[in-house]
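Peer 1: Heads up: the protein sequence lines correspond to chains A and B, in order.
The first sequence begins at 1 in this note's numbering and counts up one residue at a time.
The second sequence begins at 345 in this note's numbering and counts up one residue at a time.
These are computed hints drawn from the structure, not numbers from a lab.
Certain hints may be false.
Ranges of calculated distance between the beta carbons of each label pair, as one might list FRET restraints [claimed, not checked]:
hint : chain 1 : residue 1 : chain 2 : residue 2 : range
1    : A       : G59       : B       : T596      : 34 to 40 Å
2    : A       : A262      : B       : Q591      : 57 to 63 Å
3    : A       : L210      : B       : L373      : 53 to 59 Å
4    : A       : S142      : B       : Q591      : 40 to 46 Å
5    : A       : D216      : B       : S389      : 53 to 59 Å
6    : B       : I398      : A       : E238      : 54 to 60 Å
7    : B       : L373      : A       : R34       : 39 to 45 Å
8    : A       : T114      : B       : G592      : 38 to 44 Å
9    : A       : G56       : B       : I398      : 53 to 59 Å
10   : B       : V589      : A       : T111      : 51 to 57 Å
11   : A       : E238      : B       : I445      : 41 to 47 Å
One side only, chain B facing chain A, incomplete, derived with CB under 8 Å [stated by the list, open to error]:
hint : residue
12   : A494
13   : V681
14   : T694
15   : Q698
16   : R701
17   : T720
18   : G722
19   : F723
20   : W726
21   : G729
22   : A732
All of these numbers come straight from a predicted model, not from anything done at the bench.
The beta carbon of each residue, even a glycine, is placed where N, CA and C say it ideally should be.
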Amino acid sequence: MIRNFVLAGLAAAAFVFGPTAAEAGRDLDAIKARGTLRCGVQGPSNPGFGVPNAQGVWGGFNVEVCRAIAIAIFNDPSKVEFVPVTTQSRFPALTNGEVDVLSSNTTWTLTRDTGVNRFNFPAIVFYDGQAIMVPRRLNVTSARGLNGATVCVQPGTTTELNLADFFRQHNMTFRPVVIEALDELRRAYDQGRCDIFTNDFAALAAQRTLLSNPRDHVILPERISKEPLAPTIRQGDEEFTNIVAWTVFALIDAEEFGITQANVDQIAGSATDPRIRRLLGVEPGMGTAIGAANDQYARTIIKAFGNYGEMFERHLGVNTPLGLERGHNNIWTKGGLLYAPPAR
Amino acid sequence: MSTIETPPAAKTAFWNDPVKRGLALQSILVVFVLVVVWAAWNNMSANMVARGLIFGWDYLGRPANFAIGEGLIPFAPTDSYGRALFVGLLNTLRIAVVGIILATLLGVALGVMRLSSNPLLARLVSGYVEVVRNTPLLLQLFLWYAIINALPGPRQALPLGPGMFLSNRGLKVPWVEWSPALWPVIWALVAGIVGAFIAARALQRRREATGDAPPTLPIAAALIIGLPFLTLAAQGFPATLSVPVLQGFNFTGGIELSPEFVALLLGLVLYTAAFIAEIVRGGIVSVYKGQWEAARALGLPAPRIMRLVILPQALRVIIPPLTSQYLNLTKNSSLAVAIGYPELVHVSNTTMNQTGRAVEVILVFALVYLTISLLTSGFMNWYNGRVAIRER
Ligand SMILES: N[C@@H](CCC(=O)N[C@@H](CS)C(=O)NCC(=O)O)C(=O)O
Numbered sequence: 001m002i003r004n005f006v007l008a009g010l011a012a013a014a015f016v017f018g019p020t021a022a023e024a025g026r027d028l029d030a031i032k033a034r035g036t037l038r039c040g041v042q043g044p045s046n047p048g049f050g051v052p053n054a055q056g057v058w059g060g061f062n063v064e065v066c067r068a069i070a071i072a073i074f075n076d077p078s079k080v081e082f083v084p085v086t087t088q089s090r091f092p093a094l095t096n097g098e099v100d101v102l103s104s105n106t107t108w109t110l111t112r113d114t115g116v117n118r119f120n121f122p123a124i125v126f127y128d129g130q131a132i133m134v135p136r137r138l139n140v141t142s143a144r145g146l147n148g149a150t151v152c153v154q155p156g157t158t159t160e161l162n163l164a165d166f167f168r169q170h171n172m173t174f175r176p177v178v179i180e181a182l183d184e185l186r187r188a189y190d191q192g193r194c195d196i197f198t199n200d201f202a203a204l205a206a207q208r209t210l211l212s213n214p215r216d217h218v219i220l221p222e223r224i225s226k227e228p229l230a231p232t233i234r235q236g237d238e239e240f241t242n243i244v245a246w247t248v249f250a251l252i253d254a255e256e257f258g259i260t261q262a263n264v265d266q267i268a269g270s271a272t273d274p275r276i277r278r279l280l281g282v283e284p285g286m287g288t289a290i291g292a293a294n295d296q297y298a299r300t301i302i303k304a305f306g307n308y309g310e311m312f313e314r315h316l317g318v319n320t321p322l323g324l325e326r327g328h329n330n331i332w333t334k335g336g337l338l339y340a341p342p343a344r
Numbered sequence: 345m346s347t348i349e350t351p352p353a354a355k356t357a358f359w360n361d362p363v364k365r366g367l368a369l370q371s372i373l374v375v376f377v378l379v380v381v382w383a384a385w386n387n388m389s390a391n392m393v394a395r396g397l398i399f400g401w402d403y404l405g406r407p408a409n410f411a412i413g414e415g416l417i418p419f420a421p422t423d424s425y426g427r428a429l430f431v432g433l434l435n436t437l438r439i440a441v442v443g444i445i446l447a448t449l450l451g452v453a454l455g456v457m458r459l460s461s462n463p464l465l466a467r468l469v470s471g472y473v474e475v476v477r478n479t480p481l482l483l484q485l486f487l488w489y490a491i492i493n494a495l496p497g498p499r500q501a502l503p504l505g506p507g508m509f510l511s512n513r514g515l516k517v518p519w520v521e522w523s524p525a526l527w528p529v530i531w532a533l534v535a536g537i538v539g540a541f542i543a544a545r546a547l548q549r550r551r552e553a554t555g556d557a558p559p560t561l562p563i564a565a566a567l568i569i570g571l572p573f574l575t576l577a578a579q580g581f582p583a584t585l586s587v588p589v590l591q592g593f594n595f596t597g598g599i600e601l602s603p604e605f606v607a608l609l610l611g612l613v614l615y616t617a618a619f620i621a622e623i624v625r626g627g628i629v630s631v632y633k634g635q636w637e638a639a640r641a642l643g644l645p646a647p648r649i650m651r652l653v654i655l656p657q658a659l660r661v662i663i664p665p666l667t668s669q670y671l672n673l674t675k676n677s678s679l680a681v682a683i684g685y686p687e688l689v690h691v692s693n694t695t696m697n698q699t700g701r702a703v704e705v706i707l708v709f710a711l712v713y714l715t716i717s718l719l720t721s722g723f724m725n726w727y728n729g730r731v732a733i734r735e736r
């Protein structure tokens, strides 16, 4: 909380005292020169998406997205430095160059994409929507029955804006309790400071696993917003944008084509489908086109983490504590929204 | 009678003349500061232009679209960012004013107690001071917040008295519902306070002249409480009391002190009071022991010696460091970000994040803090001047 103020202060100071420069390719060049990708992930309390293990090694869905990008750039998933950010500190951290990319459940919105923020959202990795969690004992079944509720919410999010919109639209009042540190906020909800806790559905499911009695809480059926979550980078570097976008697309394509961690080598050896041969670098050109370390970047990524569906099931799916259904986050051929432009 | 001719002053080089040298150095400094500010401004503009940004205040007028938990004036998401920041500022002032008053009262009491001849009391206080001064304030805030949040929920609230409820939603107390009929009462209160001041001065003058006068306190109290009461009575008590009742999720009616406010207030007051206690103790110890002995020889009882002889002299040692404690308390109130009390920094953070206007928001907030600090120290310096020993 103090840190993010310092960060914002640095962002401001960078304007006042920093050098004036903006060349294309500068971000990717800087990343390559440094030898590591700096990836902003949520603080250490977001199960499924990003958590450090006992040895301090980060794992989770968002974490693997960054490692996949590192493979594309360096052909090495370990060349990532993870920087924990909060909802408030993430944007100053990105603006300042403290991180190169945010992989932190950040929603792609018009104002973040344009205007004073000037960020880029190369590809959507998760289709989410805002949801509301209530203690079971309150017997609330619909978000419409929440008039007068006290609501725990994180600042600097689309969440707090949608919340205000939703209550306004339905002529209800509420009282926000706004705490930046997710752990502190969840504790306040757990202790009963708030009647309800709101966040993106997936994040809420993740937070529920950390409550003292997860079973005592239900997530209401309404989704009160659209939250397309995407890795976020600064505007102004087309090459870096390409790498991030086509890393995500490679994961999606792999699932569409049935390429998995287990069979990727075998498929690469035997595939006749030209789309698959291009994707896996059997036929050269695609990796070079996006500026990746080599043409086999997709193959290396899938070998390391599997395709999109495998990553989803490993960290977020029905067999994890989060227990998420694929829903919108399924391949378009299976009724979901995941649809990658052709790699050709 | 001989006149002494003053010899014509030998011409000194201007760098040996302290006045001229001072002037020259000051001017160089001013020019230097101006150049730095000008360069910084230019650089900032260039940077912002390079990124396609336009420095501007237009965001202040746009709707904020977020809600704020509590404030001295109403705030709805349709209100502007400017108003949101103002709500934050009022919340900062609210915690600072209440905090400073309570921390001063507690700090003075603790400081005096630490010098008590009762060893148990003195030890207890010194233990308190050491523990509180040597743990981070942020941790203390988390502790208080967790304790308050561990209270039962609103449906099991602890009744503290008629219409008063304590729960993890804060402290609810009955409150007079506002109506325009209450304006005369407010004016009566103001008149009462002014009257009390005038009366106190007159009494003081009489006491100094004749050595005797009726006690000030009852008269002042009668004015301050009596006048508004009479005004109320004359209008036939137009006020209605709003009493908290449980409705739906929470209490409605009355006013509430939120858990965030209470936790922050507790934390700031207990922390700052420990420092103030040390300052007060140091001030008292600095008064020459002969003053005690002389006062005792006059037969004054100890509490009056403290109040009439020692504290007034200790004040001039106490006030300068006390001022910095007041400034600290005000600035420390920004730690409230951690427990969600919506003061200026909290609202600024959110505003910055939602608008992306880091430079503009930081400028606003830096200026506001600077102003608060200057006003506080200005006032304290003025007060210090008044209590300073006047050489006669
Ligand atoms: N998607 C929304 C909400 C993001 C959000 O609430 N993220 C939370 C939950 S995943 C988070 O990052 N918390 C971690 C933290 O702040 O430490 C946005 O981009 O504004």
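Peer 1: Hint numbers the structure violates, sorted upward?
Peer 2: 1, 4, 6, 9, 10, 11, 17, 18, 19, 20, 21, 22
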